[in-house]
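Student: Generate coordinates for the entire structure from the input sequences, incorporating the hints supplied.
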Amino acid sequence: MTFVKLLPFFAAGWVFLVGLYGLVTSRNLVHAVGCLAVAQSSTYLLLLGVGYRSGGTAPVFGDTTTHQPVVDPVVQALTLTDIVVGATVTALLLGLVIQTRKRHGTVDPDELTGLRG
Amino acid sequence: MSARLRVRLFLGAAAVVAAALVWAITGLPRFGTAVHPYGSRAVAAAIRQHTANAVSSVNFDQRALDTLGEESILYAAVLGAIVLLRRLGGERRETPRPGKVLPTTRLLGATLAPVTILTGVYIIAHGALTPGGGFQGGVVLATGLHLAYVAVDYRVLERVRPLALLEAAEATAAGAFAALGLAGLAAGRAYLENVLPLGTFGQLSSSGLVAVLNAAVGVEVASGVTVLLAQFLEQAVELAEPEESQ
Amino acid sequence: MTTAQVSYLLIGLALVCVVVAATAAALTRDPVRQSVVLAVLGLSLALLFTVLEAPDVALSQLAVGTAVTPLLILLTVRKVRRGAAGKRPEGQRKDDEG
Numbered sequence: 001m002t003f004v005k006l007l008p009f010f011a012a013g014w015v016f017l018v019g020l021y022g023l024v025t026s027r028n029l030v031h032a033v034g035c036l037a038v039a040q041s042s043t044y045l046l047l048l049g050v051g052y053r054s055g056g057t058a059p060v061f062g063d064t065t066t067h068q069p070v071v072d073p074v075v076q077a078l079t080l081t082d083i084v085v086g087a088t089v090t091a092l093l094l095g096l097v098i099q100t101r102k103r104h105g106t107v108d109p110d111e112l113t114g115l116r117g
Numbered sequence: 001m002s003a004r005l006r007v008r009l010f011l012g013a014a015a016v017v018a019a020a021l022v023w024a025i026t027g028l029p030r031f032g033t034a035v036h037p038y039g040s041r042a043v044a045a046a047i048r049q050h051t052a053n054a055v056s057s058v059n060f061d062q063r064a065l066d067t068l069g070e071e072s073i074l075y076a077a078v079l080g081a082i083v084l085l086r087r088l089g090g091e092r093r094e095t096p097r098p099g100k101v102l103p104t105t106r107l108l109g110a111t112l113a114p115v116t117i118l119t120g121v122y123i124i125a126h127g128a129l130t131p132g133g134g135f136q137g138g139v140v141l142a143t144g145l146h147l148a149y150v151a152v153d154y155r156v157l158e159r160v161r162p163l164a165l166l167e168a169a170e171a172t173a174a175g176a177f178a179a180l181g182l183a184g185l186a187a188g189r190a191y192l193e194n195v196l197p198l199g200t201f202g203q204l205s206s207s208g209l210v211a212v213l214n215a216a217v218g219v220e221v222a223s224g225v226t227v228l229l230a231q232f233l234e235q236a237v238e239l240a241e242p243e244e245s246q
Numbered sequence: 001m002t003t004a005q006v007s008y009l010l011i012g013l014a015l016v017c018v019v020v021a022a023t024a025a026a027l028t029r030d031p032v033r034q035s036v037v038l039a040v041l042g043l044s045l046a047l048l049f050t051v052l053e054a055p056d057v058a059l060s061q062l063a064v065g066t067a068v069t070p071l072l073i074l075l076t077v078r079k080v081r082r083g084a085a086g087k088r089p090e091g092q093r094k095d096d097e098g
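Protein chains in written order, with my numbering: chain W, 1 to 117; chain D, 1 to 246; chain L, 1 to 98.
Per label pair, the in silico range of CB-to-CB distance:
hint: 1; chain 1: D; residue 1: Val16; chain 2: L; residue 2: Arg81; range: 34 to 44 Å
hint: 2; chain 1: W; residue 1: Asp108; chain 2: D; residue 2: Ser40; range: 47 to 57 Å
hint: 3; chain 1: W; residue 1: Pro69; chain 2: D; residue 2: Leu163; range: 43 to 53 Å
hint: 4; chain 1: W; residue 1: Pro69; chain 2: D; residue 2: Ala3; range: 50 to 60 Å
hint: 5; chain 1: W; residue 1: Asp108; chain 2: D; residue 2: Leu165; range: 38 to 48 Å
Computed, partial: chain W to chain L, Cβ under 8 Å:
hint: 6; residue: Leu48
hint: 7; residue: Thr79
hint: 8; residue: Leu80
The set of hints was computed from the structure by calculation and includes no laboratory data.
Note that the structure is predicted; figures quoted are calculated from it, not measured.
Note that beta-carbon positions come from the ideal geometry of N, C-alpha and C, so glycine has one too.
Tutor: Here you go:
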């Protein structure tokens, strides 16, 4: 029963490790960037899992009274900026992949070993 | 290092990490716990500051300094992508031939584009009252603009998207966020402190500085994402490889 | 069933969707297929965030993870693949995304 009560956290850990596994065994840099995005989403799972309150509603008081129990807004604030910033950093990484392709002719990380002048 | 050795090394490290995770997770409070020390204080502070959306209050009022950092990261990432994807010497620019678009797609895009843009502006403006805010509304605005690309044509998108203006708007909005914080200093209080009148709880004019900061972030995110997509679209659709590589 | 039990059931279902989509996304080697699976992952995450009473985060994730990230990956794959062939592909097709 404890496992079920902690399931979201275990799910976050699994998603993190699976994303890292995909990153380590990747043969294509674009695929590697996608796996990094998967690993990033595990942190959102963990944060929101920590902030959930049983029986709570969304932390927005537009149409409810202010005495309603709500879930934690602090972790939601952390996660929501994280999502948008994570996407732009993914875009930066994809720009790096395009430049790598232009300069070295390949996007296979195994062929990109060694520093070349 | 061969691929097989790398995978074995990773699996060993992953086993250690997994064990550490299990140990840490079993020490956490149970999922759905009623004990949230930061949460209860943040909600109380949001209500005191007359902001109906507690998440916006945390982002733009209680921890506005963190949001300043986040939007700077966003700005720097867009800048980095522009620099990385600039046109190199030798790359030719060619006009893309228009693809075939179904009339239903065209109709859907034409009707949905103004609705999406209006929704984006609504989400930004009401960020202090209902779920939403600068980040979400900005991304919705940017994707609404690109419905012109999906439904019609790349050249139409280029015409409705003045890149120089958008780059200037992004820089101005990013600077405006930092400059608005000086209002707090001018009033003799802390940087980025909420010094505007707080208004009535639940009205559009409530929450003081939060609504203004929301607008700045909304403009910055919308123009930033549009400029970012423009770089990628130019690379994929317009530019051709130079004749000799390197 | 009480409301709390229904909530927990929905959270469990959404979690299963997320874990399956994430595993599939990491294990799909072809980047074009991976971008579609990433869009599905984005959608399941948005659902999970909605059920976890986080509408702001769900809005953010829906716009970003379902539309922007797969689009960027598809454009990158197109750019990278064009260079690999060494010549322009026959006919300028538009990317079919979204």
